[in-house]
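The listed protein sequences correspond, in order, to chains A and B. Note that our numbering numbers the first sequence so that position 122 is 122, with each residue one more than the last. Note that our numbering numbers the second sequence so that position 208 is 208, with each residue one more than the last.
What the hints contain is simulated information worked out from the structure, not anything from laboratory work. The C-beta atom is built at its ideal place from N, Cα and C for all residues, glycine as well. Watch out, some of these pointers could steer you wrong.
Unchecked claim - Per label pair, the in silico range of CB-to-CB distance:
(1) A:Thr-75 to B:Ser-251: 22 to 32 Å
(2) B:Lys-25 to A:Arg-295: 29 to 39 Å
(3) B:Arg-15 to A:Thr-75: 48 to 58 Å
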Amino acid sequence: MIPLRSEDVPEKTAPGRLGLTRVTFRSRLALVLGVWLANLRILSRYRGALVLVLLLPVIFAFLPVFIGAAVAGNTGAAATNFAANAGTADYKLYMLIGASTFTVVLVLISESATWIRSEMQTGTLESLYLAPTGRAPILLGNTLYSATFALFNFLGAYAIGALVLGVDPHLDGLPTAMVFLVLGMIPLWGLAFLMGALVLKLKQANAVMNLTQWLFLFLMGAFFPIVMLPPFLRAMALTFPPTWINNGVRSSLLDTGWLSAHLGVPVEFGMVADLGVLLLLGVVFPVFGWLVFRRVETQVVRSAGVGNF
Amino acid sequence: MAGRVRLREITLRDRYEEFAEMVRKNLLEQSRYPIEFVAGVGMLFMVILMFSFSAASFTAPPGSPRDPNAPDPSSLGGTMFYGFILFAFLSSALWNIGFSIREEQVRGTLETLYMSPASKFSQLLARVFGTILLSGILSIIGFGFITFVLGPLPVQNLGFGLVVFFFALLGAVGIGFMLAAVTLVAKATVNHLIQFLQFFFMIGCAMFFPFRVLPPWMVDGVSRWIPVSYSVDLFRSTLMGAAPELLPWQSEFAIVAAFGIISPLLGYWLYLKMEARAREQGKLGEF
Chain A
1 MIPLRSEDVP EKTAPGRLGL TRVTFRSRLA LVLGVWLANL RILSRYRGAL VLVLLLPVIF
61 AFLPVFIGAA VAGNTGAAAT NFAANAGTAD YKLYMLIGAS TFTVVLVLIS ESATWIRSEM
121 QTGTLESLYL APTGRAPILL GNTLYSATFA LFNFLGAYAI GALVLGVDPH LDGLPTAMVF
181 LVLGMIPLWG LAFLMGALVL KLKQANAVMN LTQWLFLFLM GAFFPIVMLP PFLRAMALTF
241 PPTWINNGVR SSLLDTGWLS AHLGVPVEFG MVADLGVLLL LGVVFPVFGW LVFRRVETQV
301 VRSAGVGNF
Chain B
1 MAGRVRLREI TLRDRYEEFA EMVRKNLLEQ SRYPIEFVAG VGMLFMVILM FSFSAASFTA
61 PPGSPRDPNA PDPSSLGGTM FYGFILFAFL SSALWNIGFS IREEQVRGTL ETLYMSPASK
121 FSQLLARVFG TILLSGILSI IGFGFITFVL GPLPVQNLGF GLVVFFFALL GAVGIGFMLA
181 AVTLVAKATV NHLIQFLQFF FMIGCAMFFP FRVLPPWMVD GVSRWIPVSY SVDLFRSTLM
241 GAAPELLPWQ SEFAIVAAFG IISPLLGYWL YLKMEARARE QGKLGEF
């Protein structure tokens, strides 16, 4: 935590605000780090939850693996058929990558949605709106925490999953995969805003999350290549950031091909083009998400107030 | 009762009326959030689509020879869908009994509930009533959707299948009670615990695939030790007119019926124990 120095002590009250505090850049930064640290401390108190979230993607990856064996008749036929459809016979690692990447998406999005809902339920959301710091540093601190937790989750689940499933984790591709993951967090932040807006409006965070997690799993092609989708759904999937993140991570680790190839980009520029698309989505989604969130927030504040649930 | 003022004895009729009021209140509450129903229908379609495409990625490409061991789509569809029905009800019991206790903790209303003379058993049971109704409607919609996608599903021995389903449902409610007990101690971890349990049952009880594709160590070391596995196996094999995979049907039925009777009682006993401990330590409303 960054301590406040004497120069941070206000000479006068911030314009248009009551109170003694003047909010400086340094105090905002301290708040962001404070929120990040507080969340990590809270998380560290629930060690059981930490273990469970690491195991979840591993167990989840087993599901399509067993379905595959049931459909094909045996594991050998499953590998052969999968190679013909998805470009790799290593279907266990394929599913593990999908499940682990999905966890990153889910953590980043659900942490924001459940945070808003939990503040509503505990009756502290309205108080946060009255804080002289504004909401941005608090939201940023929460997002930083979600990102830290999501990366820890991905790496832990991937390592445990590779051990349990007995597959080669292809570590040489991991640095590129991490670039896709970290860059992909920017558009996911925008999706988190959209989810936050939905929770503010509809209140039912659990119902919303239950639906969206399956929608995301489906659209991002966590357990199958999106080329199998009909053209309309494929086009939808291509505008969806998690699809690009998942495929980027998967291609880095398993060399299953870049998504931009479907848009006519030559294979040798595939990785750069995929990263470029993620960057573009990283501009569009946060701006769009923030605008929607502000609009919904204003509506809610003007009607019943954010504390109403 | 010594040291307590009581105006009159609580009769069985009072208990019934109290339970009916609780159910009515829960249904009313749920009707105010129709989004839950919409999300449930949406989730159902998404789950079916997701598994269908996952399954499709393991089918032989057009023109290549079909593996003689590969099952026909209708049989696999039945295996997955009948497992899904039990999964939907079990999931509802976990979220609506277990997680609602957590919500009461967070809202600060759990301690208040204990000031009321209403039955704790009714309080727990009433939470799941609306959701059972919802899961029932969703199952019927899902049946229609699967039939539309894969063709008619096998439906044999419907009467016996419903008896098995009834006991399986009682067993699921019991697991919900046990989770409610754990919630009093686990607090915020319960969210992750429910997710973990959902996937654990999904895999360990082979809800979306036959037991034969699980490694033998998993069937012998995990599946055979979970009573829910027998509910899934018996319910599925009864409706599909096939032999159960784990045990002869008579033995499976004995396990499923016994679990359906014992599980709610055991779950409620556990809940009372945990609740008493939390009250002694003053941690009932702590979260």
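The hints, checked one at a time:
1. At roughly 29 Å, the beta-carbon separation of Thr-75 of chain A and Ser-251 of chain B lies within the given 22 to 32 Å, and the hint holds.
2. For the pair Lys-25 of chain B and Arg-295 of chain A, the beta carbons lie near 34 Å from each other, so the given range of 29 to 39 Å is met.
3. The given range of 48 to 58 Å is respected by Arg-15 of chain B and Thr-75 of chain A, whose C-beta atoms sit roughly 55 Å from each other.
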